[in-house]
Amino acid sequence: MNQDLARLWRNYLDDVSTAAELKELESALRNPDLEADMKAVLDAVFYDIPEQDIIDRSGTAAKENSRNYILSQPQIKAPLNRWLRISLVAAAIGAITLGLWLYTANPLLKPNAELVNQNDVAPGRNSATITLANGKTINLSALKTGVMVQNSGLQYNDGSAVEPGHEVAPDAGQEVVVRTPNGGTYQVELPDGTKVWLNAASSIRFSVQLKTLVKRSVALTGEAYFEVAKNLKHPFVVRTKEQNVEVLGTHFNINSYPDEQTIKTTLLEGRVRLTCLAETAQKIVLVPNQQAILKGNQIQVVPADLENVMAWKNGDFVFEGEDFKTTMRKIARWYNVEVIYDSDLNDHIELGGWVSRSSKLSEVLRRIEQASNVHFKIEGRSVFVKK
299 MNQDLARLWR
309 NYLDDVSTAA
319 ELKELESALR
329 NPDLEADMKA
339 VLDAVFYDIP
349 EQDIIDRSGT
359 AAKENSRNYI
369 LSQPQIKAPL
379 NRWLRISLVA
389 AAIGAITLGL
399 WLYTANPLLK
409 PNAELVNQND
419 VAPGRNSATI
429 TLANGKTINL
439 SALKTGVMVQ
449 NSGLQYNDGS
459 AVEPGHEVAP
469 DAGQEVVVRT
479 PNGGTYQVEL
489 PDGTKVWLNA
499 ASSIRFSVQL
509 KTLVKRSVAL
519 TGEAYFEVAK
529 NLKHPFVVRT
539 KEQNVEVLGT
549 HFNINSYPDE
559 QTIKTTLLEG
569 RVRLTCLAET
579 AQKIVLVPNQ
589 QAILKGNQIQ
599 VVPADLENVM
609 AWKNGDFVFE
619 GEDFKTTMRK
629 IARWYNVEVI
639 YDSDLNDHIE
649 LGGWVSRSSK
659 LSEVLRRIEQ
669 ASNVHFKIEG
679 RSVFVKK
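Residue numbering for the sequence shown follows this note's numbering, beginning at 299 and increasing consecutively.
Careful: at least some of the hints might be erroneous.
Within a straight-line C-alpha distance of at most 30 Å, the following computed DSSO-like cross-link-like pairs (lysine-lysine) qualify [claimed, not checked]:
1) Lys581 with Lys539
2) Lys623 with Lys562
3) Lys442 with Lys658
4) Lys528 with Lys509
5) Lys658 with Lys562
6) Lys528 with Lys493
7) Lys611 with Lys593
8) Lys513 with Lys528
9) Lys539 with Lys493
Hints are computed from structural coordinates only; laboratory data are not their basis.
Whole structure, please, built from the sequences with the hints as guidance.
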């Protein structure tokens, strides 16, 4: 028996699956090569369930008899209790042969006609510009994933030239800016070897001589994940509008979009020191798995939800425990759309689950509809949200 599949199903039944495990289970359910293994595991798991649990809920199990229903479960906001999960195991056994037929009969699974139409929006992609000290702006290739900035010039992270045919060398000692638009993401390797991943609608400004500066200072707007090259003699400082973050060598994420009410700094490895630039000049030191939330002139330190924080870099949206309008702002940046809300829409909308950032907009919105009581309509580059 496939032990990995068995583990995934048992964790699902016990409601202890991580988002990564749910994603792995969904992928396995969609893989026709694993169909025989899946049925064997489901049979074993099913017959290991206490008989009373099966008898008590047999009527419910028949209603949920669809593999596609199971595939939708990670997006449901409320935790599934054990008897419903048991019914889904029973359903999955029958779904190996009946799932496609039942899909056509289940209205909960049919896409919203207002979402799947000619106005659907493709996901974001690799897209960025770099502006040199002399004012020249270069559009970086969407076929590449990142750019390396060195004293000698610019090249993509696969070693190819940024502009074939002649060398593009930033002016020594001057600053350059890498920007991603709405719907764009890009990697940047700084002159000191630090690696930066820019999320959509973000920018980073830095000196070409960064490696030799007493303080390796960069300026950030938007969101970025940093893997800082260690250099004990030259601290690394990330400046945002309202705070400075100083490190020696570490991995961390900063979310500092101007349309958000807070700046969130999350530490994965090492140590960082935050300084609030308000009159209070509050200072705090973070240790791994902590998040600093700056609002106004106060910094609050909380345990970090690393899965949620790192979702964008890992290619996902994770909705669990997140404010609805914060989620919609993330979607707006990635798909380069405007979100328009009904005036009577409730701001307190609970979400759950995850979806890949490589999905089309209609699929992302459909997942949210399944997990909440809101509905969407796509018109061009506008998304209308209603009850």
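Structure-inconsistent hints, enumerated in ascending order: none
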